[in-house]
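Going line by line, the protein sequences match chains A and B.
Residue numbers for the first sequence follow this note's numbering, beginning at 1 and rising by one.
Residue numbers for the second sequence follow this note's numbering, beginning at 1 and rising by one.
The reader is advised that the hints may include incorrect statements.
[Claimed, not checked] Here are the simulated DSS-like pairs of lysine-lysine, each with C-alpha atoms no more than 25 Å apart in a straight line: (1) 88/A with 79/B; (2) 113/A with 79/B; (3) 123/B with 79/A; (4) 79/A with 227/B; (5) 227/B with 58/A; (6) 88/A with 321/B; (7) 220/B with 79/A; (8) 21/A with 179/A; (9) 93/B with 112/A; (10) 79/A with 321/B; (11) 154/A with 49/A; (12) 110/A with 125/B; (13) 79/A with 125/B; (14) 79/B with 79/A; (15) 186/B with 113/A; (16) 79/A with 280/B; (17) 174/B with 79/A; (18) 112/A with 94/A; (19) 164/A with 43/A; (20) 321/B with 112/A; (21) 88/A with 186/B.
Bear in mind the hints are in silico, worked out from the structure with no lab data behind them.
Note that the structure is a prediction, hence the values are computed from the model and not measured.
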Amino acid sequence: MALKDVKPTRSELIGLKRRVKLSERGYNILKMKRDGLILEFFKVLEEAKGSRDAVGEKYEQARQMIALANTIEGAIGVKAAAMSVREKPQLTLKQKNIMGVVVPEIESSKVKKSLTERGYGVLGSSAVIDETANAFEELVDEIIRAAEIETTMKRLLSEIESTKRRVNALEFKVIPELKEASAFIKMRLDEMERDELVRLKKIKAKSKA
Amino acid sequence: MSSVSTTGPAPYIYSSTRMRVRKMKLIRHEEYMRMLNMSLPEITRSIEETEYKAEIDELSSSFSGLDLIEVALTWNLAKEFQNVLGIMPGVIKNFTASYLQHWDIYNVLTILRGKTQGVRAGKIKEVLIPAGSLDRVVLDRLLAEDSPERIVEALSSWSLYPVLEREFPAAMEKGTFGDLENELFKEFYRYVLKQTKSGVKGGKPFRDYLKLEIDLLNIKTVIRLYKGNAHVDVRNLMVEGGGFSVDELARLAASESMNEILEGIKKRYPEGPINELMEKADQSMPLHEMENALTKVMLDQMDRISRRYPFSICPTLVYLKRKRYEVANLRAIARGKESGLPGETIAEFLVV
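All chains should be modelled from the sequences, with the hints used to inform the complete structure.
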């Protein structure tokens with residue numbers, strides 16, 4: 001706000017004072033929101049670190065198991081067993097609110113199946129197929145969990161960024177400018193008051209003379 | 001073969017001698033150990049220089065790399081088994097065909113599953129192993145059918161058709177062929193056990209072996225169900241005819257800990273290799289390792305009865321098993337090397 005655009009009136013001063021008060025309240029709330037979001041972010045970050053490691057670990061286990069299954073049953077046996085699976089995992093996407101930030105909540109079903117739910121016969125298959133299927137089911141489960149956590153983390157991060165920008169704008173631009181404008185009006189009003197006083201004195205002196 | 005008598009001891013002497021010659025040609029333990037120290041291209045070349053060359057040459061235009069090796073190995077297995085069925089005289093042929101029916105179950109179910117999932121016929125064909133009584137021509141005919149119902153109808157002359165016909169509607173309704181597969185395997189064992197009483201020479205020792213095979217299959221199922229946390233009626237998954245009764249197996253499956261299951265097995269087998277294996281096994285032993293060890297026990301037992309009854313059906317069946325595991329071993333070495341598994345780990349999975 002350039003000072004030349006400011007109208008040095010009392011009502012403008014009252015308006016500016018109101019705006020300063022509002023900005024300062026907004027600034028405090030946004031600062032609290034930013035701090036709260038940072039706290040939440042660090043909590044999610046811990047979980048994310050764990051889930052990243054878990055995905056890596058589960059992936060490695062699944063890779064080892066498929067290598068073993070290919071070794072023991074052959075790619076043909078693995079492909080034939082894979083044909084038995086008909087039910088695909090189902091994902092339900094919900095939303096939850098963390099300090100005004102909408103984050104996803106992913107619910108999965110039919111990922112982890114019991115031995116008899118996988119579609120292949122128990123008598124015609126081998127244990128390595130069970131162990132491989134199990135390893136991949138656990139991997140899919142972990143990926144779903146990681147997807148939820150990482151999306152939450154990204155959304156929180158972008159919200160923290162925008163809140164931080166708002167807080168900084170209020171702290172270093174909006175509030176100082178408003179205060180400066182209000183000080184300017186105050187000074188101009190004082191000056192105008194003094195002018196008026198001098199003018200009145202001069203009129204009084206003239207009328208006495 | 002037409003000149004071979006189909007009665008008396010002649011067919012057994014003929015088949016046993018032919019199978020013994022074939023068994024001699026199988027890859028030996030030392031050769032596997034040498035292969036474990038080779039690089040993948042060396043292993044491929046080494047396999048190409050054996051009995052599998054014809055299949056590798058034939059399939060090289062359609063497949064490449066390790067897929068070529070694996071498909072060539074299974075094609076050779078199928079061809080060899082069909083060949084064996086072709087040269088077997090009379091009753092031995094019927095018995096061998098009935099024992100090879102587990103390949104038919106695998107093939108029929110693969111076709112049914114592939115068709116219900118809308119997989120292309122060519123893709124399904126890649127995973128078929130026509131090593132049983134339903135040969136490549138029959139399987140091609142089944143693949144050409146346009147619906148699972150038509151496939152079942154086309155199998156009306158198959159010996160396991162009654163089970164297929166009975167269980168198929170429920171399988172289609174549930175959308176899974178798992179129960180159908182289990183029922184087919186149960187019927188398969190029932191059928192082979194019955195065949196051992198058909199007057200075939202060596203039927204009695206083979207029946208004893210089959211009981212062991214059924215026991216080990218049931219033990220594996222009980223352990224898999226326990227580890228897989230499956231809460232189902234185990235009676236439906238148990239094969240009858242082994243040493244354990246279905247009630248005993250159900251009690252075993254209801255055990256609260258793995259140790260309790262192992263103790264139950266040890267009670268039934270107080271000595272011998274199964275007992276030793278159960279002694280070594282614990283909660284942490286991966287199931288596939290236990291399964292592999294049980295397979296070795298089965299093969300040892302089969303070898304033993306084959307040596308004790310040299311002119312019976314046993315040498316033929318031993319050869320078929322050995323051939324099957326030769327293919328499995330070569331595949332394991334090639335796939336294991338491809339996956340970067342260390343030689344010692346691959347060696348653990350070899351059945352030699």
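Verification of the hints:
no., hint, in the structure
1, 88/A with 79/B, "37 Å, violated"
2, 113/A with 79/B, "37 Å, violated"
3, 123/B with 79/A, "10 Å, holds"
4, 79/A with 227/B, "23 Å, holds"
5, 227/B with 58/A, "19 Å, holds"
6, 88/A with 321/B, "36 Å, violated"
7, 220/B with 79/A, "22 Å, holds"
8, 21/A with 179/A, "10 Å, holds"
9, 93/B with 112/A, "45 Å, violated"
10, 79/A with 321/B, "23 Å, holds"
11, 154/A with 49/A, "13 Å, holds"
12, 110/A with 125/B, "29 Å, violated"
13, 79/A with 125/B, "12 Å, holds"
14, 79/B with 79/A, "21 Å, holds"
15, 186/B with 113/A, "24 Å, holds"
16, 79/A with 280/B, "33 Å, violated"
17, 174/B with 79/A, "22 Å, holds"
18, 112/A with 94/A, "20 Å, holds"
19, 164/A with 43/A, "19 Å, holds"
20, 321/B with 112/A, "35 Å, violated"
21, 88/A with 186/B, "29 Å, violated"
The structure shown violates the earlier hints numbered 1, 2, 6, 9, 12, 16, 20, 21.
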